[in-house]
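Start from the sequences, fold in the hints, and give me the full structure.
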Amino acid sequence: MTLKSDIVNFLKRDTTIPRLNFAFKSFKVYPSAYQNDVADAIDSEAIKLAGAVKSGAGASYYMGFDTLDLRPGFSISNSSDQAYLVHECTHAHLDMQNTGVHSSHEDEAAAYIAEAMYLEALGKPPLGSQPIRTIAQGIAKGLLAGGYAVGGADVVILTAVIAAHPIYKEPTYDSNGFRRNFLKNWIR
332 MTLKSDIVNF LKRDTTIPRL NFAFKSFKVY PSAYQNDVAD AIDSEAIKLA
382 GAVKSGAGAS YYMGFDTLDL RPGFSISNSS DQAYLVHECT HAHLDMQNTG
432 VHSSHEDEAA AYIAEAMYLE ALGKPPLGSQ PIRTIAQGIA KGLLAGGYAV
482 GGADVVILTA VIAAHPIYKE PTYDSNGFRR NFLKNWIR
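For the sequence shown, the numbering used here begins at 332 and goes up steadily by one.
Note that these hints are calculated values from the structure, not bench results. Predicted, not measured: the structure shown is a model, and the values here were computed from it. Just to be clear, a hint being listed does not mean it is correct.
Unchecked claim - Derived DEER-like restraints, expressed as beta-carbon distance ranges:
# : residue 1 : residue 2 : range
1 : E376      : I488      : 35 to 45 angstroms
2 : T346      : P502      : 34 to 44 angstroms
3 : A377      : G431      : 16 to 26 angstroms
4 : N340      : A383      : 18 to 28 angstroms
5 : G473      : E376      : 31 to 41 angstroms
Stated by the list, open to error - In silico BS3-like cross-links for lysine-lysine, where the CA-CA straight-line distance does not exceed 30 angstroms:
#  : residue 1 : residue 2
6  : K359      : K335
7  : K379      : K455
8  : K356      : K379
9  : K455      : K335
10 : K343      : K379
11 : K500      : K356
12 : K500      : K359
Even glycine gets a Cβ: it sits at the ideal position worked out from N, Cα and C.
Right, here's the structure in full:
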């Protein structure tokens, strides 16, 4: 098997993915987004596995190029790597929605919540003790206990913490539904 087929099989068959079902403001995250939409896009190479991430990251999704980068040594059998993948596949799903320019902080918040829900459903701790992850974990617990929509106060708190983090200084992302110009297709 290849890494691509391992990832596609994970997204389609993992028994924890069905627990990822919530609304964050206008974003809707649901199991078939991973099991069908993102998995099929990776399988068809509409989302391309492109290479290794920059130092310190577990994975990265680039909306402009529709590429998914993974850390060196990524293993689909490792729960931390699975959580990083869920996080980045949430970005891919939101990109597929073709919503245009939107808040990067809200997009990141939805991805951190999906990551946290995945880990919480497995009974695993957050991937770190950073406030973003601990706040997302608290929200995930509430959602898994029977909630669906992230409450307004939690939205404000999590997006503010993300906005204050230096790595998330870019205020917007552009969800383009896989529409790339010639240059981006060539670079990809």
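Outcome of the hint check:
1. The hinted window of 35 to 45 angstroms between E376 and I488 holds, with their beta carbons roughly 38 angstroms apart.
2. The hint said 34 to 44 angstroms for the Cβ distance between T346 and P502, and at roughly 37 angstroms that hint holds.
3. For the pair A377 and G431, the beta carbons lie near 19 angstroms from each other, so the given range of 16 to 26 angstroms is met.
4. Roughly 22 angstroms separates the CB atoms of N340 and A383, a value that falls within the hinted 18 to 28 angstroms.
5. Checked against the hint of 31 to 41 angstroms, the C-beta distance between G473 and E376 comes to roughly 37 angstroms, which is consistent with it.
6. With a C-alpha separation of about 25 angstroms, the suggested pair K359 and K335 falls inside the 30 angstroms cut-off, and the hint holds.
7. Our distance criterion of 30 angstroms between C-alpha atoms is met by K379 and K455, whose separation comes to about 29 angstroms.
8. The suggested pairing of K356 with K379 holds, with an alpha-carbon distance near 28 angstroms, which does not exceed 30 angstroms.
9. A threshold of 30 angstroms between alpha carbons decides the hint, and for K455 with K335 the separation of about 25 angstroms falls inside it, so the pair holds.
10. Proposed proximity of K343 and K379 is supported: the alpha carbons are some 17 angstroms apart, at most 30 angstroms.
11. A hinted pair counts as satisfied when its Cα atoms are at most 30 angstroms apart, and K500 with K356 qualifies at roughly 21 angstroms.
12. Distance hint between K500 and K359 is fulfilled; the C-alpha atoms sit about 24 angstroms from each other, no more than 30 angstroms.
Checked against the numbered hints given earlier, this structure breaks none of them.
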